[in-house]
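Please model the complete structure; the sequences and the hints are all you need to start from.
Each chain, written out:
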Amino acid sequence: MESFFSRYRNALVLISVLLAQVIGLAVQVRRPGHSPEDKGGVLLIRAWVTGIVTPPERLLHNTGHGARSLWMNYVDLIHVRRQNQDLRAQLDRLRLEEASLAEDARQGERLQSLLGFREKYVYKTVLAQVIGTSGTEQSEVLLIDKGARDGVRSDMPVITPDGIVGKTRDVFAHSSQVLEVSDPTSGAGVILQNTRIRGVLRGNSWGQPEIVNVSPDERIKPGEPVLTSGGDAIFPRGLAVGTVDRVVPDPDGTLVNVLIKPAANLAKLEEVMVITSTGSQMPASMQQDLSDAQQKASEILAERLPSRVDPNAPPSQQDDDATVGPDGEITRPMKPPQALHPDQYTPSDTPPAVDLKPGQRLAPELAGTGDAPSPKPAAHTAAPAAAAVPAVRKSEDQSVKRPESEGSVETPGSAAAKHEAPSAAAPAAKPKKAAEPAGDAGDHAKSASTNDTQSVPASPQPPAASQPPAAQPQNPPPQGAA
Amino acid sequence: MASSRTEVGNRSYPLFIYLLIPVLALGLQSLLSLYFTRFDIIDLPLLVAIYYAVVRQEPISATLVGGLIGIAQDALTHHPLGIFGISKSVIGYLAGSLGMRVDTESHGTRLLLVFVFTLLQSGILLLLQRYMLGQPFAWHGTHELIRAAANALLGVVLFSLIDLTRRTEY
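These protein sequence lines map, in sequence, to chains A and B.
Sequential numbering of the first sequence, starting at 1, is according to this note's numbering.
Sequential numbering of the second sequence, starting at 483, is according to this note's numbering.
Please keep in mind that the hints were generated in silico from the structure rather than gathered at the bench.
Because the structure is a prediction, the values reported are computed rather than measured.
Do not take every clue at face value.
Said to hold, decoys possible - Computed Cβ-Cβ distance ranges for the label pairs, DEER-style: (1) N265/A with R612/B: 46 to 56 Å; (2) R612/B with K221/A: 32 to 42 Å; (3) Y613/B with Q208/A: 19 to 29 Å; (4) N265/A with L627/B: 42 to 52 Å; (5) L19/A with R612/B: 13 to 23 Å; (6) D86/A with Y613/B: 37 to 47 Å; (7) H589/B with K221/A: 45 to 55 Å; (8) R81/A with T647/B: 22 to 32 Å; (9) G590/B with E271/A: 40 to 50 Å; (10) N194/A with G590/B: 52 to 62 Å; (11) I628/B with N194/A: 22 to 32 Å; (12) D155/A with L501/B: 31 to 41 Å.
Just so it is clear, CB atoms sit at the ideal spot from N, CA and C, and this is done for glycine as well.
Next comes the structure, spelled out in structure tokens:
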């Protein structure tokens, strides 16, 4: 017997060690419905190892962080860097609120008829630094430098301003484990933002998050945002998860898996936030931010929409034409902007509607009360059509500069003279509605003489209105008809 | 560089080396994986366990040391304690047994040993996690070969560095 133990001592020790560890494994995984947080001796062993490993990691991390902080805060642009940090912190908070509120709006449109709906708002977060990892491919676990002493508990969501990271698992006194969403054993309830398809997010074998067991749907396209659905009772609803990368078939069935490109850079995490407190009431800070945002939005709206008047504005800035509606909203009538190039449709040329009579024509030449523009002389028809364009354009610019001449009707002779000598006619600028028919007449006369269909008209008016009959027969009737 | 098994048996290490190197391996493995994403294909605790086993040439102590290093590595993950412990216990036992029979001072031998033991550890992890615990475990053949080759190359370098701390007892 003694010789047996001495002969197989090595093998017996190995078997004993393996047996002890197998029993330990069985004890750890035996508990049905147990919480993921370890207890008893297992937690003690993890705490010991973490307590041994993390101090050097924390020292190295803090040394590097301190050196960077020293350079950034005291050597390189003291105030700018500090202000930038404050602004980034504020931006991070606002991005969180924005994500939550944007999703609230979409959900509220569909669920506004439901009662008893409760929302979870982020009350308090703890900023933590990532000081280590599990170091293996089989476990996507991070170590952070905040633990139970800082208010961190198990199963608390861990996020970054860009998106979710994971949830806390084992919490020690001064450090915690964070199980990333890219781990195959993790789970988070998510929803596709556009298609409203819900699913469970977990990591695949390559460490990429994916929504598993989704019914095939052609509407799922790459790039669609993915948000937390709040169905896991851990992550608040509406936090950014990532975007759809691609859809792959599930190897075990007819369903598909949706691969997700995470919004947070899980490979390069330095600082994360642990959400330590949530509630159903909107926190005071968020209410203040929302009121500030609404006030700012109203200011922007007042600048962009002239018809809206800020009731809080001083009376000197309010319009006399403003009226107060039944709901107390002050409005003022819309006023069209000043036209850069007035034409016959310019409102300033149009008399009030009360002065109009049925069948009355406004333009004298169209009504037949004025002199119709005469065809251009032969010398003018020889001029290229392109030369008429700048002449009319120039007269338009001058008419803008001389508003007192608007509405006046000049004689065709002056129009023709100005057309032939634009520089000389500049002081006596003529409105466009008088100049354009002259230009048209010249162009159409030229068309009639040259029968050139490629000539560019100087005005977009229809040629049939002022074109002489002689210029019409571009398509001569068949000889048999004559 | 290479020496006989008897000559190696006459060498030992300062006590703090036995304590410091495993802790250093665990800490560096955890820290470097944070800054270098693909560093997690390297298994520094495995290299330490193999080195200790082939140098000490005592299967029992190699089994115990391998088991302790493995459990410590388990503690940094979210897996149950014992997965890495079992695999490294087996590897420590085999490495210690082989260290008594072959010349482990040769670079080629070390390269081959680490390569084979890395693949063996992956196989044990696959057996334990997928078939014993029912947990997801990815096995990609090419990736495992690359991992074994990377660990083997790094192991040869690290073993040579640790050799510098050895002292010869007369």
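Find the hints from earlier in the document that the structure breaks and name them by number, from lowest to highest. 1, 4, 6, 8 and 11
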